[in-house]
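*Asks:* Sequence:
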Amino acid sequence: MNYFGVRDIEVVVIGAGQAGLAAAFHLRRTGYRPDVDFVVLDHSPQPGGAWQFRWPTLTYDKVHGMHALPGMTLTDADPARPSAEVIGGYFAAYERRFGLRAHRPVSVTAVRDGGDGRLRVETSRGDYAARAVINATGTWDRPFWPRFPGQQDFRGRQLHSAQYRGPAEFRGARVVVVGGGTSAVQQLTEIAPVAAATTWVTRRPPVFRSGPFGADEGRAAVALVAERVRQGLPPRSVVSVTGLPMTEAVRQARESGVLDRLPLFARVTPDGVAWDDGRTVAADVLLYATGFRAAVDHLAPLRLREAGGGIRMAGTQVVRDPRVHLVGYGPSASTIGANRAGRAAVRGIRRLLAETPAGPARSAAAGRDAEAPESHGTRPHLVGQAPGTGRG
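Its first residue numbered 3, the sequence shown is counted upward by one per residue in my numbering.
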């Protein structure tokens with residue numbers, strides 16, 4: 003491939019996490035040819051999406067909600083291995099099996115209107131003129147750092163949960179964990195046995211979910227997130243509306259007092275945190291498990307955002323520019339949601355390309371099913387558990 007000129011292509015898939023690979027699979031299965039009709043660009047150093055960056059002590063048996071990619075289940079995974087290794091290896095095998103030819107590391111710096119009905123996708127290895135873009139960049143690259151008065155004067159260490167590499171570095175430290183999501187709970191329960199003291203602080207009281215979480219509950223949760231996206235508001239995470247799963251580890255942590263939560267403090271002091279009622283907690287480390295935001299800055303030239311700050315969508319299609327589909331965004335920011343969104347995006351793109359002239363580029367490949375790989379069954383299978391945030 004020539005990465006140093008402008009290459010005409012039907013579809014550019016940005017990101018090779020769960021959502022990007024699912025979309026690439028459905029493009030391939032429909033008859034689009036990798037590196038001919040579509041290209042997959044991923045700026046990560048290796049396969050695995052955001053999973054490759056998870057902390058080593060997050061073993062495969064500790065994560066929740068991971069669904070298999072379409073067409074290939076994950077089998078015989080060692081539950082004691084780090085999830086980064088298990089799922090990274092699975093994604094790599096998936097790319098090989100279906101010949102998806104993800105190119106990495108390739109950074110997409112901007113997507114803008116090309117002026118000829120095409121989108122110009124500018125990358126670190128040359129530009130593309132695409133008829134459509136499937137954006138599957140997830141959230142991992144945009145950790146959210148809260149701001150508090152006095153934060154700059156804290157004498158200890160401040161880090162985001164994305165930088166967490168395991169509990170050993172917190173041995174003997176007084177640690178304040180900020181955030182009410184899955185990562186906060188997982189990291190706090192790992193740190194507590196080795197730290198001198200831990201304090202859990204959340205903006206809202208956490209809601210723990212016990213009992214089964216079936217299809218009806220899942221649909222209702224996704225519908226709440228989808229409604230915000232339809233209104234052009236920034237999406238909330240699916241986990242924020244489903245609650246925290248009550249695992250055995252969580253139950254034990256609650257019984258031991260590790261998960262006794264305090265409301266959000268008012269300010270950071272040089273030696274810890276303080277509340278307006280006079281309460282203080284001394285700390286050596288502030289760990290912000292405060293989530294992530296959608297990594298869509300490269301789409302800014304298209305001016306997709308609404309007045310409410312979000313990107314309004316109809317399904318996976320961006321209302322302001324139907325050439326752009328977002329997968330792994332908002333209601334599809336879960337592993338099974340990403341699978342479904344990938345399929346839906348490809349269907350929408352096939353319709354779009356059938357209705358619009360191809361222009362100077364080769365015509366769409368839709369319908370060349372004889373060239374598509376075997377599907378090996380496309381129904382997602384539950385294969386493990388997934389963290390609440392992550393790329394693609």
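Derived from the structure by calculation, the hints contain no laboratory data.
Take these hints with a grain of salt, some might be off.
[Stated by the list, open to error] Ranges of calculated distance between the beta carbons of each label pair, as one might list FRET restraints: (1) Leu161 x Gly311: 24 to 30 angstroms; (2) Asp78 x Trp277: 46 to 52 angstroms; (3) Arg157 x Arg353: 36 to 42 angstroms; (4) Gly119 x Asp273: 36 to 42 angstroms; (5) Arg322 x Ala198: 41 to 47 angstroms; (6) Leu161 x Ser109: 23 to 29 angstroms; (7) Gly119 x Ala225: 45 to 51 angstroms; (8) Leu161 x Trp277: 46 to 52 angstroms; (9) Gln48 x Gln165: 30 to 36 angstroms.
Backbone N, C-alpha and C fix where the C-beta goes; we use that ideal spot for every residue, glycine too.
*Asks:* Would you say the C-beta atoms of arginine 157 and arginine 353 sit inside 36 to 42 angstroms of each other?
*Replies:* 58 angstroms, violated
*Asks:* Using the beta carbons of glycine 119 and aspartate 273, state whether their distance is inside 36 to 42 angstroms or not.
*Replies:* For aspartate 273 against glycine 119, whose Cβ atoms are near 60 angstroms apart, the range 36 to 42 angstroms is violated.
*Asks:* Using the C-beta atoms of leucine 161 and glycine 311, is the stated range 24 to 30 angstroms upheld?
*Replies:* Because 27 angstroms falls inside the window, the suggested range holds.
*Asks:* Determine whether the Cβ-Cβ distance between aspartate 78 and tryptophan 277 falls within the hinted range of 46 to 52 angstroms.
*Replies:* 50 angstroms, holds
*Asks:* I want to verify a distance hint. Is the separation of the beta carbons of glutamine 48 and glutamine 165 within 30 to 36 angstroms?
*Replies:* 19 angstroms, violated
*Asks:* When you take the CB atoms of leucine 161 and serine 109, is the distance between them in 23 to 29 angstroms?
*Replies:* Because 24 angstroms falls inside the window, the suggested range holds.
*Asks:* Take a look at whether the Cβ-Cβ distance between glycine 119 and alanine 225 falls inside 45 to 51 angstroms.
*Replies:* For alanine 225 against glycine 119, whose Cβ atoms are near 34 angstroms apart, the range 45 to 51 angstroms is violated.
*Asks:* That 46 to 52 angstroms hint for leucine 161 and tryptophan 277 (C-beta), does it hold up?
*Replies:* 22 angstroms, violated
*Asks:* Do the beta carbons of arginine 322 and alanine 198 sit within 41 to 47 angstroms of each other?
*Replies:* For arginine 322 and alanine 198 the Cβ distance comes to about 51 angstroms; the hint is violated.
Hints 3, 4, 5, 7, 8 and 9 from the list above are not met by this structure, while the remaining hints are.
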